[in-house]
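Peer 1: Residue numbers (the numbering used here), protein chains in the order written: chain A, 1 to 345; chain B, 1 to 345; chain C, 1 to 345; chain D, 1 to 345.
Possibly wrong hints are sitting among the right ones.
When chains are identical, the list treats them as one kind, so a pair holds in a single copy or across two.
What the hints assert, rightly or not - Listed next, the in silico DSSO-like pairs over lysine-lysine satisfying Cα-Cα at most 27 Å (straight line):
(1) Lys-270 - Lys-42
(2) Lys-334 - Lys-345
(3) Lys-294 - Lys-278
(4) Lys-303 - Lys-40
(5) Lys-2 - Lys-303
(6) Lys-294 - Lys-119
(7) Lys-42 - Lys-2
The hints are simulated quantities; they were obtained by calculation from the structure and are not laboratory data.
4 protein chains.
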Amino acid sequence: MKRSFASDNNAPVHPDIMQAIINANNDDFVSYGDDPYTLKAKNIFNKKFGVDVEVFFVCTGTGANVSAISHLIKPWQTVIAASTAHIHHDECGAPEKYTGSKLHTVNSLDGKLTVSQLKPFLHSVGFEHHAQPGIISITQSTELGMVYTPEEIEEIARFANQNDMYLHLDGARIANALTSLNISLEEMITHTGVDVMSFGATKNGLLMGEAVVFLNPELARGFQYVRKQSMQLVSKMRYVSAQFIAHFQDDLWLKTATHANQMARLLAEKIRHIPQVKLTMPVQTNAVFAAIPKEIIQPLQEKYYFYVWNPEMGEVRWMTHFNTTEEDIEDFVKCIEDLLETSNK
Amino acid sequence: MKRSFASDNNAPVHPDIMQAIINANNDDFVSYGDDPYTLKAKNIFNKKFGVDVEVFFVCTGTGANVSAISHLIKPWQTVIAASTAHIHHDECGAPEKYTGSKLHTVNSLDGKLTVSQLKPFLHSVGFEHHAQPGIISITQSTELGMVYTPEEIEEIARFANQNDMYLHLDGARIANALTSLNISLEEMITHTGVDVMSFGATKNGLLMGEAVVFLNPELARGFQYVRKQSMQLVSKMRYVSAQFIAHFQDDLWLKTATHANQMARLLAEKIRHIPQVKLTMPVQTNAVFAAIPKEIIQPLQEKYYFYVWNPEMGEVRWMTHFNTTEEDIEDFVKCIEDLLETSNK
Amino acid sequence: MKRSFASDNNAPVHPDIMQAIINANNDDFVSYGDDPYTLKAKNIFNKKFGVDVEVFFVCTGTGANVSAISHLIKPWQTVIAASTAHIHHDECGAPEKYTGSKLHTVNSLDGKLTVSQLKPFLHSVGFEHHAQPGIISITQSTELGMVYTPEEIEEIARFANQNDMYLHLDGARIANALTSLNISLEEMITHTGVDVMSFGATKNGLLMGEAVVFLNPELARGFQYVRKQSMQLVSKMRYVSAQFIAHFQDDLWLKTATHANQMARLLAEKIRHIPQVKLTMPVQTNAVFAAIPKEIIQPLQEKYYFYVWNPEMGEVRWMTHFNTTEEDIEDFVKCIEDLLETSNK
Amino acid sequence: MKRSFASDNNAPVHPDIMQAIINANNDDFVSYGDDPYTLKAKNIFNKKFGVDVEVFFVCTGTGANVSAISHLIKPWQTVIAASTAHIHHDECGAPEKYTGSKLHTVNSLDGKLTVSQLKPFLHSVGFEHHAQPGIISITQSTELGMVYTPEEIEEIARFANQNDMYLHLDGARIANALTSLNISLEEMITHTGVDVMSFGATKNGLLMGEAVVFLNPELARGFQYVRKQSMQLVSKMRYVSAQFIAHFQDDLWLKTATHANQMARLLAEKIRHIPQVKLTMPVQTNAVFAAIPKEIIQPLQEKYYFYVWNPEMGEVRWMTHFNTTEEDIEDFVKCIEDLLETSNK
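Bound-form chain A, shown alone (with noise of 0.2 Å):
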């Protein structure tokens, strides 16, 4: 079997998601979330955060974004996002198709944003003419893999909350973020004043798992029939609700996210030592930016699944999961040796 570096949803289901899966199939349950893992996995949430919060979850990681935002947006208003962002550059242009709304990019080298450069959008604030800044998004991590320390979501959310907007944070690898900085979600998330954030879970384990999460009750008001308008709202909820609580089960999430980020680390150290390969990235989490030779690029995609970055510098993009093993690793670094070595010949 081909291995794949091209992205955490790559992977299969955590043994321990499918059994939860079969567990819960054992008879007719009220569908649309009224049954009682729908119940239970709410409940875990609110323990998670320390607070109790508003979770709905959702199909997929673009429908948790576009729901969660176009809840909190007027269509006159923006999103403002790094230009990385996946809801930028990855959504087919859903968001602006279901919110009405511009989205206004910030270049951004490692995918992340600071308060100096939202500061310029308020100028416009105002002035009819000027779609009016409305909601912050970032992302944790971010598509590069980096991860925002709570003080520096913290300055976001000050300023979003400063100004009339919504900090919104998209959180499909929101477990690789916290064990990384080993931190909890409470510090990251609820102390920091994000005002919702999509909870991904599917590239860490799940079949399919995203939630959107309400920080505060009272901004989900109405948030029911928003997805089910966006087409979100799956009829046999209990069959993710009981992934969901599989995956917090005995810190099984961080347990896996960790896993995942070591293998990036460990592949990180490995090709640090080929003088031809150079990384582009720190490596925080579970993604490796790598250039690479470009003549090695083709037939090492032969081998492996992964994609490439940036082919003008042959940057390429590796992701690990919960289950690439460390065998993996050293598979994958002696084929690039032994494809840079047969190259160099």
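Based on these hints, arrange chains B, C and D on the given structure of chain A.
Peer 2: For chains B, C and D alone, coordinates are given in the frame of chain A:
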């Protein structure tokens, strides 16, 4: 455990389907559909339809309906549907939100449309103040459990074709319709002139299985972007595709649907003999509509899940599914009889 | 020249209005409404409504309706209107396109809604599969020329208010309604509980004059952005504002509307005596609906502009306007009589 | 009266245009464009373009841009425009709201796009996660007052055509561009490959005059519905059409634009000699961009209307129009000189 006659999506996952999910959980695979399971599932669809169709797996039934319709309509065109249609009544306005189009409804007692009901909409053609008829959407089997004959579908398709409209078919319960008439998908869909259909399988034993099927591949051009933009592109798609493969394996889908229909017929036969209960619709598929004494509705709901359809007349809807047993029916009827007896005292 | 009974917007511009445009053409002024004409016009609106309202001039009647509604609705809410409403029947789906909301219609013979027709929509409240009632939209005078009494408006407004809905009033012919009942804008609008109205003047002698008026200025917050985003912000706004100033000067608007209404009554009185002609609606404003022998429709249309309302029953609509003369009416009636005589031979 | 260099839409209506409005005010006419003025105006457009085009009069410049673009794009496609483009910067997000499409911007100092800036967008073609390039929108003359040569337009049109994209041209100041290069509409538009243009005349002396022009009538199919649905269909259209007739009569439009351009050149020449003032853009049409000492900006704005373009560098924009006189320029320059002298003391 409380048994459910509320909806066929209250059923669990069929064991064969669950086994297929488990079997698919075996290594890294490229996400978003570029995997061998999805390729195989698509080929099976071609075989079942008897022609090369274009199939796209999506997340939800609402997602299937809305994405399909939005692809074939312009915002200044209308969708014409029965007043009982799921797209009008049960999707929280998702079609209007996503297509921007007006939805025109036609009153229908059995959920079916006829050409004579459609003709008046031609009056608007060419008048710029009026939204223009664009798509006819029919449901098979209807929300009232009734089935269009192939001739009826063909007549509507011809009308659509002659008037530059498209015909969409919401097949959330397509298997129940097929087995009700004991005809093939080719006879019902391929040869009648349907342009695009929502192919539902979740209500027929899948964990999650919905697809958009274009009968004419030309019409599908660009739909991959619509699926992504409408937030319907599942990342770990192999787990959906594997379910569809099992769904069609050894005609499982027809067996499960046949069983569900039989259980509805059994229920109808048994209650027909109860004087205080009156069937309000013929039973053609897996839905039983009946008027029952209002005073037993609540006590019955305490023991079984089901919906009240028309509170004024005490009409209720009972749905059966692949997992409903003869014993379930007998217990349920007995429970009704007991409640009637008690209430008569 | 062919005279028109087709619509009151077939009339020319009233001479006083034209003079106001000419007088405003006298130097540079800041565009988009920051000019003294617009300031003055807004103050007159406050005076006419008897309270401080928020007024926004827009381009078209459809623009007024759609922008107003879109500002007060969420996409998962519905607009409830009469089946004859301009927003449903004559705006090419603009409300659905721009708001993304479902439009629910209620059958109405005279174009008026009643609370008893509205109550059934409350059944959907709180059920996430159903779009939620959000706005009630009434037309004053209706598309059938009928007028709501203040008591009727107040009853609907109270119902809206009690059920967390807003009341929009399409006042494309507001002056005709006011003069029909001989009451003030305060009595009809300010004190009845309308939340927002489309204030039309184009049909009453302006070149172009439509406004959105929020009775509660709080509700108008942010509407300047909606107006711009909905493409309704005119650059040389002083020429619109100057027309509105003249419109209200010395009660011109009431005089022109009174005249139009009188001409309709005159027409109704005269044709009432023709045995082959039957009025199909009471005449309360400037619209006359009548059933006439089908064979004279076309010959009559060759001499006068007017619309056939219901071809099956030979029903036609004749609109009068500020510039319709008694002589026009006499000639028109004579023409009808001549045609009837000819066709009887 | 305070003279304005703020925008060419601060000018009054040209006397010939006003006379045309007055002359059109003479009887009943069918509304919405089915009148002899509109027919005549359309024929003149055909003549000016040298081919049969499809012309639709609309209400606003934003309305022209958005309706035109929405007609030729799919929601999952993108509009590519300069970062300075009116559609991106000055329309409050109207394009995103109405089309649902992403707007991609390219940084541009002079407001012009080049093919080399467009090529990178082809990387997304065929990848379902990325919105697909659909329309290129250029502004002629640009928001910075610069003019594309026909060769430059042709090169972009060819690129669009080769890559299945459409070319939209925002011609809010088309006459200023034509007279700047002293070429014909045929040379600039008809023969270069533009697919659709927004033809603006309001900034060139009309009360209200904007049109959407399809160079290929096939592409216009159905646009009458788009115009209505986008709230851009004026009822008393004859008054718009009459203005356009006068606009083209005896080349009035070119004379007024030539004059406006000359006044800008005169202003540029005069201030060029003031050492503290620096032109920041070449003057090709009726816009002058200059950096002036920040301390005189406010006192100068007390006497004249104009906008600050870049507050950090003291850059201002001065627009001239058909009604700007040599004396206006002289007074304005004198005022600047006086303020500079005062501030130097």
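Peer 1: Next, verify each hint and record whether it holds.
Peer 2: Taking the hints in turn, this is what the structure says about them:
{"no.": "1", "hint": "Lys-270 - Lys-42", "verdict": "neither (41 Å within a copy, 41 Å between copies)"}
{"no.": "2", "hint": "Lys-334 - Lys-345", "verdict": "within (17 Å within a copy, 76 Å between copies)"}
{"no.": "3", "hint": "Lys-294 - Lys-278", "verdict": "within (12 Å within a copy, 48 Å between copies)"}
{"no.": "4", "hint": "Lys-303 - Lys-40", "verdict": "between (43 Å within a copy, 23 Å between copies)"}
{"no.": "5", "hint": "Lys-2 - Lys-303", "verdict": "within (6 Å within a copy, 51 Å between copies)"}
{"no.": "6", "hint": "Lys-294 - Lys-119", "verdict": "between (39 Å within a copy, 22 Å between copies)"}
{"no.": "7", "hint": "Lys-42 - Lys-2", "verdict": "between (37 Å within a copy, 22 Å between copies)"}
Against the hints set out earlier in the document, a violation occurs for number 1 only.
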